[in-house]
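Peer 1: Taking our numbering, I'd label the letters of the first sequence as residues 1 to 426.
Take these hints with a grain of salt, some might be off.
[Said to hold, decoys possible] Computed list of lysine to any residue pairs in SDA-like fashion (alpha-carbon distance at most 20 Å, straight line):
1) Lys249 with Lys369
2) Lys83 with Leu41
3) Lys218 with Lys253
4) Lys253 with Glu293
5) Lys131 with Val348
6) Lys321 with Arg346
7) Lys53 with Lys36
8) Lys156 with Tyr347
9) Lys171 with Leu413
10) Lys76 with Ala87
11) Lys77 with Val58
12) Lys249 with Ala372
13) Lys16 with Gly328
14) Lys144 with Phe164
15) Lys218 with Ser199
16) Lys166 with Asp147
17) Lys53 with Lys63
18) Lys48 with Lys16
19) Lys36 with Val89
Just so you know, the hints here were simulated from the structure itself, not pulled from any lab data.
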Amino acid sequence: MLDIKLLRSDFEGVEKALSTRNEEFDLSKFKDLDEKRRALLGEVEALKSEQNKASKQVPIMKKEGKDTTALFDEMKKLSDKIKELDAQVREVDEELDAWMLTIPNIPHPSVPEGKSDEENVQIRTFGEPTKFDFEPKAHWDLGKDLDILDPEMGAKTTGARFTFYKGAGAKLERAIMNFFLDVHEKQGYEEVFPPFMVSRESMTGTGQLPKFEEDAYKVTGDGKEYFLVPTAEVPVTNMYRDTILDGTKLPIKHCAYTACFRAEAGSAGRDTRGLIRQHQFNKVELVEFSRPEDSYAELERLTNDAEEVLQILGLPYRVVKICMGDLGFTAAMKYDIEVWMPSYGRYVEISSCSNFEAFQARRANIKFKDSAKDKAQFIHTLNGSGVAIGRTTAAILENFQQADGTIVIPEALRKYMNGKEIINGR
RNA sequence: GGAGAAAUACUCAAGAGGCUGAAGAGGUGCCCCUGCUAAGGGUAUAGGUCGUUUACGCGGCGCGAGGGUUCAAAUCCCUCUUUCUCCGCCA
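Work out the full structure: start from the sequences and follow the hints.
Peer 2: Here it is as structure tokens:
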């Protein structure tokens with residue numbers, strides 16, 4: 001959510017800042033709604049003030065034995081008018097709130113121009129694209145030949161884009177998860193293990209709703225409505241919804257594993273093979289709450305923290321800065337980490353690290369202050385994948401495959417797999 | 001699943017339909033006293049949000065949430081949420 005005061009004071013500036021975004025939204029309603037609301041508010045509040053003054057007179061009059069009938073008649077009319085205006089205010093408020101939720105975040109000035117992901121800017125690379133002296137296989141073929149990944153079985157029990165991991169494949173996935181969490185804990189992120197389902201309110205707080213409802217899985221039961229988490233960002237950020245945090249204890253940093261569930265309504269036909277685009281996948285997420293003045297430095301650090309797990313594993317990757325046209329609805333600035341995927345012959349996104357500034361904090365009402373005297377102000381939220389586990393599994397299979405179709409397990413993961421060094425089958 | 005109880009400011013807590021934005025206590029700030037500490041005395045302060053004003057300020061809303069009754073609601077009514085206790089059921 002944008003700052004309504006900024007919309008009022010510099011509407012043209014906001015309009016300009018949002019103009020390069022590749023999103024659909026309509027700014028034209030704002031001035032009308034806002035002016036209408038303020039006019040109504042002024043009117044009804046003046047009446048309420050009158051009503052309050054009169055109410056204070058009543059006990060005094062009664063004490064003096066005066067007749068209050070005339071006053072009550074008068075007040076009844078006032079009261080009816082107030083109710084009528086209150087209803088109008090509520091209507092305008094709801095319309096304005098609903099509208100505010102449809103407007104994307106203002107990009108940071110340093111975000112590069114560009115219309116699509118093709119214009120994202122490469123910032124740095126780690127390692128070199130893996131070279132093979134044999135014909136490398138794609139991870140879905142490796143997984144099938146080793147009998148450790150089984151999409152057919154997933155399709156049988158559930159449907160398309162669900163995969164069974166079997167034997168060493170399941171162990172590898174679990175090892176990666178534990179390894180990531182352990183590294184991030186050492187980096188200073190406190191681990192939490194959140195619910196995999198969240199309320200509509202939480203989805204709205206982090207910005208998945210109302211715009212992207214079609215991408216989320218909805219679950220009903222016990223007469224309630226829940227959403228399967230598309231990312232741990234949602235429950236973890238909403239941990240602090242409607243709270244004022246102690247500014248002296250910032251930043252707050254959490255890491256969390258969850259399964260993630262995405263309907264990905266707009267991506268039918270893309271990445272249909274392998275682990276790249278599943279409806280359910282595992283991810284370790286980093287979530288941070290920062291002082292506004294520190295948030296961009298923290299974004300760099302958080303991105304580095306995510307990169308570190310790939311460095312330890314020895315997976316080649318690059319970091320790109322996301323351009324205007326590819327920047328999500330909620331982010332002010334975003335880096336993607338892309339891992340080298342031999343089967344694609346290119347780098348593939350494995351992590352997104354974003355600074356949302358106060359955009360989510362305003363929606364979710366998360367503030368901080370340093371002492372009782374200070375005025376509470378909105379916090380900045382950041383998060384990043386640290387990193388996607390399924391895609392890491394895919395990257396490990398592909399980058400560390402050998403000519404005989406076996407996989408060399410990265411050193412750092414072996415202790416999580418009973419010392420196993422090679423995957424040569426289930 | 002059944003039956004009860006509760007929700008008030010940073011914390012605990014009082015609260016009659018009207019003079020309560022909220023007694024009291026703790027906490028916190030400042031001052032005094034005791035050589036230091038422990039303890040004591042005095043005094044101040046009360047969160048958030050919206051509107052308005054160049055500003056000091058003024059006004060509205062806020063007693064778990066949302067509705068309602070009333071001239072007037074922390075107080076009465078309805079719905080919901082959460083927490084606690086008891087019973088049942090069970091990994």
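Peer 1: For each hint, tell me whether it holds in the structure or not.
Peer 2: Here is how each hint holds up against the structure:
1. Only pairs whose Cα atoms come within 20 Å are accepted, and Lys249 paired with Lys369 is accepted, the gap being roughly 10 Å.
2. Under the criterion of a C-alpha separation no larger than 20 Å, the hint pairing Lys83 with Leu41 is consistent with the structure, at around 12 Å.
3. With a C-alpha separation of about 28 Å, the suggested pairing of Lys218 with Lys253 is violated against the 20 Å cut-off.
4. Only pairs whose Cα atoms come within 20 Å are accepted, and Lys253 paired with Glu293 is accepted, the gap being roughly 16 Å.
5. In summary, the hint linking Lys131 to Val348 is supported, as the alpha carbons are separated by about 17 Å, within the 20 Å threshold.
6. Taking the CA atoms of Lys321 and Arg346, the gap is about 17 Å. The hint holds against a cut of 20 Å.
7. A distance of roughly 26 Å separates the Cα atoms of Lys53 and Lys36; the hinted pair therefore is violated under the 20 Å criterion.
8. Restraint check: the Cα-Cα separation between Lys156 and Tyr347 comes to about 31 Å, which exceeds 20 Å; the hinted pair is violated.
9. Of the supplied pair hints, the one linking Lys171 and Leu413 holds, its CA atoms being roughly 10 Å apart against a limit of 20 Å.
10. For the hint linking Lys76 to Ala87, the alpha-carbon distance of about 17 Å falls within 20 Å, and the restraint holds.
11. Under the criterion of a C-alpha separation no larger than 20 Å, the hint pairing Lys77 with Val58 is consistent with the structure, at around 16 Å.
12. For the hint linking Lys249 to Ala372, the alpha-carbon distance of about 14 Å falls within 20 Å, and the restraint holds.
13. For the hint linking Lys16 to Gly328, the alpha-carbon distance of about 17 Å falls within 20 Å, and the restraint holds.
14. A C-alpha spacing of about 11 Å is found between Lys144 and Phe164, which places the hinted pair at or below 20 Å, so the restraint holds.
15. For the suggested pair Lys218 and Ser199, the alpha carbons sit about 10 Å apart, so the restraint of at most 20 Å is met.
16. A distance of roughly 7 Å separates the Cα atoms of Lys166 and Asp147; the hinted pair therefore holds under the 20 Å criterion.
17. Taking the CA atoms of Lys53 and Lys63, the gap is about 17 Å. The hint holds against a cut of 20 Å.
18. Proximity of Lys48 to Lys16 is assessed by CA-CA distance (about 40 Å); at most 20 Å being required, the pair is judged violated.
19. Restraint check for Lys36 and Val89: the C-alpha separation of about 9 Å stays at or below 20 Å, so the hint holds.
In this structure, the earlier hints numbered 3, 7, 8 and 18 are contradicted, and the remaining ones agree with it.
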